[in-house]
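Here is how the chains run, residue by residue.
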Amino acid sequence: MSMSLQLREETRTKAPIRVSSKWAAQALTFLMVFGPGLIVMEADNDAGAVSTYVQAGAQYGTRLLWLLLLLLPISYFVQEMVVRLGIATGQGHAAMIYRRFGKWWGRFSLADLLLVNFLTLVTEFAAIALALGRMGVDPMLGVPLAAVALIALVLTGSYRRWERIVIFLCLLDLLWFVIAFRVHPPAAGELLRRTLVPSMPPGGMTAGWLFLVIATVGTTIAPWQLFFQQSCVADKRLRFADLKWARLDTFVGAVFTILVAGCMMLAGNAALVRHFDFADPAKMAVQLGAVLGPFTKNAILLLMINAAVLGTTTISLASAWAYGEVQGWPSSLQKPVREAPAFYAMYGVCVMAAAGLVLIPRAPLQLIILSVQVLAGLMLPSAIIFLQLLLNDKEVLGDRFANRPWNNVVNWTIVVLLFVLSLLLAAQVAAPQWFPNT
Amino acid sequence: MNRTELNIAKRTEHTFFVVHPLDDERELKVDTEHIGRMRMTPTVRVCLYALRGYLLLMVGLLGFRVLQLAGAIHG
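Chains A and B, in that order, are what the protein sequence lines are.
So in numbering that gives the first Met the number 0 the end of the first sequence lands on 437, straight run, no missing numbers.
So in numbering that gives the first Met the number 0 the end of the second sequence lands on 74, straight run, no missing numbers.
It is worth saying that the hints were derived from the structure and are not from the lab.
Each residue gets a CB set at the ideal place from its N, CA and C atoms; glycine is no exception.
Watch out, some of these pointers could steer you wrong.
What the hints assert, rightly or not - Here are some chain A residues pointing at chain B (derived, C-beta under 8 Å):
no., residue
1, L27
2, T88
3, G156
4, Y158
5, V395
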């Protein structure tokens, strides 16, 4: 690699773990590296994603399962690039854009990220309030409590503690498999066919169908994920030798997330076959609960809250890391609050402000949701373009970490696809009259 | 070579050592602080122009929608 190197300060070390076989050493190394990939992928199944996937199932049954299979390699390839960049540079994504593309693009990316992240956080807390309300808990009590718990989650001064708790929350989503089983999904052969063979709704392609396709893509690949995983990899200090395990972590996360998303569609499909009027996942939980019992209702409502909690901690961290990196602040979950006060303050402000906004009576939540869609449409293509250019930056990455030609073919295809879909989504939100629902 | 690699290299016949990344010695990474801005190759230039065009189009689209909602444009 043609690059200048810098020696970082020595940090504390613990005694290595001794094992007696190469297989055990590799398995243990994977478990130690495991985390950022699963978290970034599963946290993307946030409140908005639950709503989108369940709505897709409630409107089109299993006819969009094929799209999830298509999104599996796309989400893996995009996040794999971030892993390479993070391991090679030990820097976050925002810092890299700032340094390699200058202040204008750096500020644009950061401002857009912070704005869309904040608006997304508002939707996460709106989902928490909605689910709590359906469970009979006063949101005026539950939302502030959730916000305090989310802040406490990061204040331990230990990256590992935060990671273990969040991995546990990710694994709670295994409950979606139980729900998918309980709602009596279609036969395995039918599910396999719907997953492998793309199909259109009975009425053909409509604006509503196109909107859900685009929303599903936009939900599965979000701008904050790029910033989050690169900062997370840097904060965890993954080493060059960890790359293959970090890739496996990301792949496992992508597969798990897509399977969970499929289960959410099956839950939505259960509402469709029972001819329920779909309004939102919380109402659907109540409707399904009346037929299948209180377990199904409470499980879906709790999983909605879990999805929002996962989304909130990761998105707030993406913002805090990105802003801290650009400002040159100490920004690490490994640091106690007294050593990184601005980083933790940024996280806390994001969480508290979003929670506070949700509690304001008659807050314009619908406008906020629309703004998230439009701003995400603006943000995603630019973030992906910067990512693709950075991964071809041999001055920084050398031959070992830079994209190979086949990487570029795959990734430029993804870039063009996302550009077109983001443009369509934003156009549909901004000018709905251009997309008659016929 | 970091500590993991050293330890694996120095392993005895049936002993392997594994270190958590946070407990390992910090690796030498690329110095991105002093490397400066990216070279403006034709690919980079085309991408940034395309991005500017995309952003202008989106802002125009949003402006159109806002004016439409305000009643300044009909249709």
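Hints, verified against the model:
Restraint check, L27 (chain A) versus chain B: the minimum CB separation of about 5 Å is within 8 Å; hint holds. The interface hint given for T88 (chain A) is met, as the beta carbon of that residue sits about 5 Å from the closest beta carbon of chain B, less than 8 Å. With a least beta-carbon distance of about 12 Å to chain B, the hint placing G156 (chain A) at the interface is violated under the 8 Å criterion. Checking Y158 (chain A) against chain B by beta carbon gives a least distance of about 6 Å; that is within 8 Å, so the hint holds.
A cut of 8 Å between beta carbons decides the hint on V395 (chain A): the least distance to chain B is about 5 Å, and the hint holds.
Hint compliance for this structure: hint 3 alone is broken.
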